[in-house]
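Asker: Residue strings, one per chain:
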Amino acid sequence: MLELKNVETGYGHIQVLHDVNLTIHAGEIVTLIGANGAGKSTTLMTISGIVPCRRGQILLRGQEIQALSPDKIVALGVCQVPEGRHIFADLTVRENLDLGAFLRTDKVGIKQDLEYVYSLFPILAERRHQSGGTLSGGQQQMLAMSRALMARPQLLLLDEPSMGLAPLIITQIFEIIKAINKEHNTTIFLVEQNAHQALHIADRGYVIENGRIILADNADKLLSNPDVQKAYLGI
Amino acid sequence: MDYFIELFCSGLTRGSIYALIALGYTMVYGIIGLINFAHGEIYMIGAFTSFIVATVLSIYGFPLAAIVVVAGVAAAIWSSAYGYTVEKIAYKPLRHAPRLAPLISAIGMSILLQNYVLLAQTSDFLPFPELIPEFAFMEPIAHIIGSSDIVILLTTTVVMLALTFLIKFTRIGKAMRATAQDRTMALLVGINVDRVISATFIIGSALAAIGGLLIASHIGQINFAIGFIAGIKAFTAAVLGGIGSIPGAVLGSLILGLTESFATGYISSDYEDVFAFSLLVLILIFKPSGLLGKAETKKV
Amino acid sequence: MITVKEVKKSLLVSLWFVFLTFPLMVIKVNPYERTVSWRWSNMLYVAIGTFVISLLAKAWFVRKERRMARQQDSCRSRTPIIQKILQRPGYRYPLAAFLLGAALAFPQLFSTYQANIMTTALMYIVLGLGLNIVVGVAGLLDLGYVAFYAVGAYSYALLNLHFGMGFWTVLPIGGLLAALFGVLLGFPVLRLRGDYLAIVTLGFGEIIRLILENWNAFSKGPSGISNISRPGFFGMEMSLDQAMIYMYYLMIGLLLVTIFVVNRLQDSRLGRAWLALREDEIACQAMGIDKTRTKLIAFSLGAFWAGLIGVIFAAKTTFVNPASFTFMESAIILSIVVLGGMGSIVGVILGALILVLLPEYLRALSEYRMLAFGAILVAMMIFKPEGLIAGVRRVYCYQGRKRNTALKNDE
Amino acid sequence: MMNKLILEVSGLTMDFGGIRALDRLDLDVRSKEIVALIGPNGAGKTTFFNCLTGIYLPSNGDIRLVSPQTGKESRLNGLKPNKITEKGVARTFQNIRLFSQMTVLENVMIGRHCRTSSLILGAIFRGRKTRKEEQETIDKSYEILEKVGLAEQANEFASNLSYGAQRRLEIGRALATEPFLLLLDEPAAGMNPQETADLVSLILQIRDEDHAILLIEHDMKLVMTLSDRIFVMDYGEKIAQGTPAEIRVNRAVIKAYLGEDVESDNA
Amino acid sequence: AGNTIKIGVAGAHSGDLASYGLPTVNAAKLVVDELNAKGGVNGKKVELLIEDDVCKPEVATNSATKLVSQGVDAVIGHICSGATKSALPIYKAAGVILISPSATNPELTQSGDYPNFFRTIASDDMQARAEVDYALNVLGVKKIAVIHDKGDYGKGLAEFAKGFIEKSGKGDVVLFEGVTPGAVDYSAIVQKIRQAKADAVIFGGYHPEASKIVSMMRKKRMDTVFLSDDGVKDDTFIKVAGKDAEGVYATGPKDNSKNPVAQAAIAAHRKAYNSDPGAFFESAYSAALAIMNAIEKADSTEIAAVTKALQTETVETPVGNIHFDERGDAVGVGFAMYQVKNGQYVKVK
Ligand SMILES: Nc1ncnc2c1ncn2[C@@H]1O[C@H](COP(=O)(O)OP(=O)(O)OP(=O)(O)O)[C@@H](O)[C@H]1O
Ligand SMILES: Nc1ncnc2c1ncn2[C@@H]1O[C@H](COP(=O)(O)OP(=O)(O)OP(=O)(O)O)[C@@H](O)[C@H]1O
Ligand SMILES: [Mg+2]
Ligand SMILES: [Mg+2]
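Chains as they are written, first to last, in our numbering: chain A, 1 to 235; chain B, 1 to 300; chain C, 1 to 411; chain D, 1 to 267; chain E, 1 to 349.
Isolated chain A (complex conformation) (with noise of 0.2 Å):
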């Protein structure tokens, strides 16, 4: 489904990922673990567009999409949910789950969409007509979720989805994620801090060091590696 072959990107003078490749095939949730800094976020940034890809080239079905603006990725299925939840802050919480589906058309769908998201994560039913900005911070995350499922993503780049959340609600989230891989069978991509979690529900994993892919491997194999253990289990 999405192949980096070689990408580099950087901010300014530095640079961040160095000969990243990657591959994550249909129906796959593959996750991405590193230490603080290691180049996660950037590397989903770098897919979404946000952040220009120097060198290097990704391919979505085959087709490269380094040069799309950030709309045409979307536009061809890739969602993320970014780190920092970035609600839209003044916005209420339908209205910050409409721009989730901005670019869909089917009315019908979009309602449904709604309904299951609410069915969720009821809170935002509840709290709709909240401006999103004054949402806790558990709450937002969960808003976050909500508004990237609303565009019906074919691949869903999660950015440590469960930070800041109560362990109730971390369980559930990991839950909806393996719903979501299964049901509407999404591609998901998903970054962790909480390694342990993200091996648990992925079938594949990458471990990332200052911006260079170090171990790739089934998620079980990274599970009992001892490396792994040692520095992202803290076993």
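For the record, the hints were derived by calculation from the structure and aren't laboratory data.
Since this is a predicted model, take the numbers as computed values, not measurements.
Just so you know, even glycine gets a beta-carbon here, dropped at the ideal spot from N, CA and C.
Treat the hints loosely; a few may be bogus.
[To be verified] Computed spacing ranges between beta-carbons, pair by pair: (1) C/Lys9 / A/Asp19: 46 to 52 Å; (2) C/Tyr249 / E/Asp255: 50 to 56 Å; (3) B/Ile172 / A/Tyr11: 27 to 33 Å.
Put chains B, C, D and E with the ligands on the given structure of chain A with help from the hints.
Answerer: Positioned in the frame of chain A, the structure of chains B, C, D and E with the ligands alone reads:
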């Protein structure tokens, strides 16, 4: 009482004039957070373009109705084109620059455009053709309100309603609000931010052009420097109403216009601007985000 | 290095400008005689001019990108040469000494006229440094700075007129009065956020000017106050030339004091608080910084300098009227700060020299002067958005640690 | 061991329009104690911090602070944030709010602001007192940086730090204000296990230096190992209170917050 | 000094007031070219040094210093009163005579502060006097609204007019106010004029505001008499205000169209620049003639000698046969009242 009504009407006219310009300010500010000092110049260019087109057409003997329509459309087209170009040249490259850089670039643009029109045309005042005729049925109240005042009032009302509808309910309106809030996220939900910003400039500039045409024909003369004062006043009005808010811009403009009118009528025109600016200071002290502006969401 | 694609693009740009400038550049109507003249030749000039400019701009951006790429490969961030020089004490002091020497010798080397122009430039430098405290360091966008300048100028003009008070007496009074005005205005409005503050200060600037213009009994209105005395020097009689040169040295002196003070302020507890306030007010408050008070200090300090220069302005022109204190003046001073590089003293000095001397030397362009000025302002911002010189962050050294390590070694 | 009471909150209520974010909340903190505040997302924990530090004005209720050194008692309601900090309460933020364009050291030096006093004249003339004060500020700030493990990066821009380091810097900056009560809002969010472990020892060290700590956190492992007492909130109300052992088995807490399998997941 | 006589020409040559300053440059060039063609003054060539002051006081001091440092012998200019006031002390200290074609502020001559100042235009108070006399004595109006544009020139004039009306006892000032130049709409002030039931408006200021106010008054169906000054006695006013301009009175320099010197000067301008001369051309031409004549008669550029020559030697100029009184005002120039009739200013009795 008559005197009061007279002053009220002239205040309304003045306020509506400000409103047409203030709307453009507010839209641009709302979306890229920039005080677009060149907006007054866009309005001036609108007035000039309509002056040129109207005069040419009247020289070639076109009927008045055709002149009004063509001049209006031409003014809107060219003003929008200028607005679009100014954004591309002076603001777009500065999207990621420090906050004040675009402000200075806007001031530079304002100086540049003024002098461009001065050199391309003339420094003299020019008589603007009377495009809005005095209607016969208005004769009994002509001393209170003229037909151009009525046209200005109507236009402002219609424009405000249309704009509010556009922002609240249309796709592009939603895209504008999203872009205003968080540009990165707007990109991530698939909004073409560049196009939305351009659209904002185009709409705002077209409004300014319509304002230019109406005001110039109301006052009867134009020159290259008319944009500056009108621009400052309109901006004040936009802030008064709560910058970023469409109804706020109109409300602020009307209040400003009425204040100036009553201050002139009952106190002294020497200090009309002092009253206007003092009112601004007072209102902002008690409502720091303007009359209809959203209070800053302070979630920590 | 210029490809066909770029040429094509430039062609499109030039076509667009032909369209854009068509009504204003090509048509000229004479509404009195009812004639229209079509100036087609202008169209050609526009086409050629924009084509060339567009190509040049493209080339510049291409070069910039290449340079960035190259630097990235070498993995080294590049500091401008001036900055490098400034950071090295070995160069810094000789350079400063040289500049000071040149400044002192200037009136001897050039005509009084040149010295006079330089005095104006020096005044703007100090104004810029004053506003820099407010805008550059504390991050308060003040569009009505000229109001305080007017307060200073008029306090000297009026005190001199009515009470015959001398320059040296009024100099501090003017500064303090302006600072007082700063406090009076700042107190209610400083809690406004960014651009609201900007418009309120702009309004305040206009209010001051309008009052000066309309209140004849107080300020003599638009006709202004003339025959203001020039500064004295221990009662010495001076010819005009001497007076001007004296003025020049006085400004040099004031500039040195200003640089010294501003530099120290920036490097102090207060300066740090200003910088922090510029970034995050809530975090600042949580760190125990009194937001209002700290802002007020910045605001009134900026006003103080404007007041000082106001007094000097009145003494230099010997005439003041409200027309000298328009919004444009505030805009120019603000441009000096932003253009030079916010928060940087050297930047402000460069910015002021450019913006004040530029119009003087653009005189050759006669009627195109202001057009060029506007264009240069835009171009400088596009090509150097952070300003000419960015502020340099001081590196603090830690004495305690050396002591600690020394102790450890002893043990 | 019954330490001195330093913070006593009673009946604290906070309304936002129609939403009641805090509902008659009672809470107390004693000196040298680590107290955790937990609860589902949107329970009102951050709002509680904001009321405590003067960023929000509570609609109702009482916040009383007693200084352990002087024993002086004061009411915090309605005080400005900076006054509260001066009284000895410092905080970190859930969304990092560092001065990102300033250096690491300067960030900490800002924290010293309320414990120093030089003003304009001091800055200009730089008398002996000012110089001494300034040097002290630098030295103390360095000490704090060493404590939080950032001395090496002292002259880097705060924005160039890694996420975990930024969190630690926030704590350091708060410590610089010499608080006796430190409020930490999700200090471990976004940290990996290694960094979390470092954080735990840092917090313990701070506690041992006579600071009381009030902590919001979703990382149960950290909460359970660190805290002396735990308060649990839901919908603005306190639903439970007790030692970690008590909370772990509290039915209401498990239902509202922990979920059944908390042990296994946060292994 | 040296073999040439250096004459400075200072005024607004760029910016929005350029149209008032540039005609002076043309006038000076014409006079000097003609002189030089005839062999100069007392055998010395005359050289012009032209400086732009954009009508700003602070810039004017710079241009003045520049001229002085270049060693000028006399200066024609400055154009605006404010700029003139700030520049005068510099010329005074350098012993340079200034002769202005357009600075009308009364203080310049009446205060006695500027012995080196002369002008070929009547001062504002004379003009105000003419307006008031005409309104009270010829038109016989009683209630007068005095309006101005808050500017140096307009407000000064308005204040004199107000003073004269009050002193005369023949009429009342029912309104005295300033309008903001460039405002988008003047209906409020016009309503106020109506409310004050004024028979006449005396306006001090320039033509753009005058035409806006007149048009607005006519739009509001008011036929109040409108009197103004030489800032309005400009054909542009009639062109811009159109039919609303009919009947408006304005004072202006005495009609010189029959004066052969004026005719020759205008003809020379047409020949040289292929266009009609602009504002203050005639008084600038006169100023140039007067100063050159004085230097020639004094056979020196010493200030005392030239001053004496200016005061004693009468010279034929486009504005009449003039010399200067001891304060510096030209004797022999005067004002006349004009009225717009059929789209043209016509002198009235
Ligand atoms: N906008 C930016 N400008 C400059 N540098 C940046 C920017 N964003 C990130 N960086 C740098 O790029 C590097 C990688 O950052 P990135 O955010 O991708 O890390 P991450 O793996 O997502 O870390 P985290 O777990 O903290 O989210 C870091 O060194 C960071 O400092
Ligand atoms: N300024 C505000 N205006 C309106 N509602 C607010 C505001 N601040 C907070 N709230 C509401 O108060 C409630 C509590 O929010 P708070 O941020 O305190 O939650 P929290 O317990 O910190 O949650 P989390 O663990 O997710 O950070 C939420 O429902 C939120 O929407
Ligand atoms: Mg990240
Ligand atoms: Mg929270």
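Asker: Given a hint of 27 to 33 Å, does the C-beta separation of B/Ile172 and A/Tyr11 actually sit inside it?
Answerer: This hint holds: roughly 31 Å between Cβ atoms.
Asker: Is the gap between the beta carbons of C/Lys9 and A/Asp19 within 46 to 52 Å?
Answerer: violated, 32 Å
Asker: Could one say that the CB atoms of C/Tyr249 and E/Asp255 fall in the range 50 to 56 Å?
Answerer: Given about 54 Å between the Cβ atoms, the range holds.
Checked against the numbered hints listed earlier, the structure breaks hint 1 alone; every other hint is satisfied.
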